[in-house]
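Asks: Work out the full structure: start from the sequences and follow the hints.
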Amino acid sequence: MATYAIGDLHGCYVEFETLLEKLDFSPSRDHLWLTGDLVNRGPDSLGCLRRSVALGSAASVVLGNHDLHLLAVARGHGKLKRNDTLTDILEAPDRPEMLEWLRRQPLLIADHERGYVMTHAGLLPQWSIAQASELAAEAEAVLRGDDVDDFLSVMYGNRPARFTPDLTGEDRIRAIVNVFSRMRFIADDGTLDFAAKEGLDSTPEGYAPWFTYPREDDPAGDRRLTLLFGHWAALEGRTPDAQVDVRALDTGCVWGGSLTALDLGSGERIAVPASR
1 MATYAIGDLH GCYVEFETLL EKLDFSPSRD HLWLTGDLVN RGPDSLGCLR
51 RSVALGSAAS VVLGNHDLHL LAVARGHGKL KRNDTLTDIL EAPDRPEMLE
101 WLRRQPLLIA DHERGYVMTH AGLLPQWSIA QASELAAEAE AVLRGDDVDD
151 FLSVMYGNRP ARFTPDLTGE DRIRAIVNVF SRMRFIADDG TLDFAAKEGL
201 DSTPEGYAPW FTYPREDDPA GDRRLTLLFG HWAALEGRTP DAQVDVRALD
251 TGCVWGGSLT ALDLGSGERI AVPASR
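Position one of the sequence shown corresponds to residue 1 (the UniProt record's numbering), numbered consecutively onward.
These are computed hints drawn from the structure, not numbers from a lab.
None of these values were measured; they are calculated from a predicted model.
Mixed in with the good hints, there may be bad ones.
With a straight-line cut-off of 20 angstroms between C-alpha atoms, the simulated EDC-like cross-links for lysine to aspartate or glutamate are [to be verified]:
no.	residue 1	residue 2
1	Lys79	Asp149
2	Lys197	Asp241
3	Lys81	Glu97
Replies: Now the structure itself:
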């Protein structure tokens, strides 16, 4: 049995299938961790979402910002953007089942036995794994609950830019979701910058990549864990000056790069080039 973590699909269905074939992946034997952003910008968002749903218990998925955008648009709380490729999902006959499955996916998954934690964008260095897990569960309960529309209607936004324990209501959940799904550069107090989205040469003054800040040990021994994330295609899988053990898995398939899998047993990276 092998477990593979795969970077953002972004609707790159052909490459996803090619990578699974290269891995000799079998859902009856192996397991996938998917870093989120299953959909959008690529040519076959519907194919990627359907395939992910069909994998059932053979796949563990975390929500990315584009997945959350799809949920908001589908429920009438967001508008399609010019470069969105979500219409095929919105018009699909199995749309209700797929979107119900999507909103029940977590923001964080952890395998303490293997020593891996995965979120879409990363992990705030001010949070222990235990705290991050609790905050993820708090936001997941909202996304899975009967009042999900109340949150999705106010989900978009950059404020508050910093999570503090005293936050309540929609501000608290938005801050949590933004950390897990949108974070790139942060200040030393945990304030997120939302403007810079390119590579490390675009680092804003007073900010640094989240993974360059050290994490303090806690009783759970967080520093022994490897953090897996996607979201940041401009890194091209590289995390220079990282102060924690991280693996960047979004290698920009949708932008002409590649789709990458990490074998969690051997640490080997396996990739296929973008077909476009």
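Asks: All the hints need checking, so say for each whether the structure fits it.
Replies: Structure-based check of each hint:
Our distance criterion of 20 angstroms between C-alpha atoms is met by Lys79 and Asp149, whose separation comes to about 15 angstroms. Restraint check for Lys197 and Asp241: the C-alpha separation of about 18 angstroms stays at or below 20 angstroms, so the hint holds. Pair hint Lys81 plus Glu97 does not hold up; C-alpha atoms about 24 angstroms apart against a cutoff of 20 angstroms.
The structure fails to meet hint 3 from the earlier list, while all remaining hints are met.
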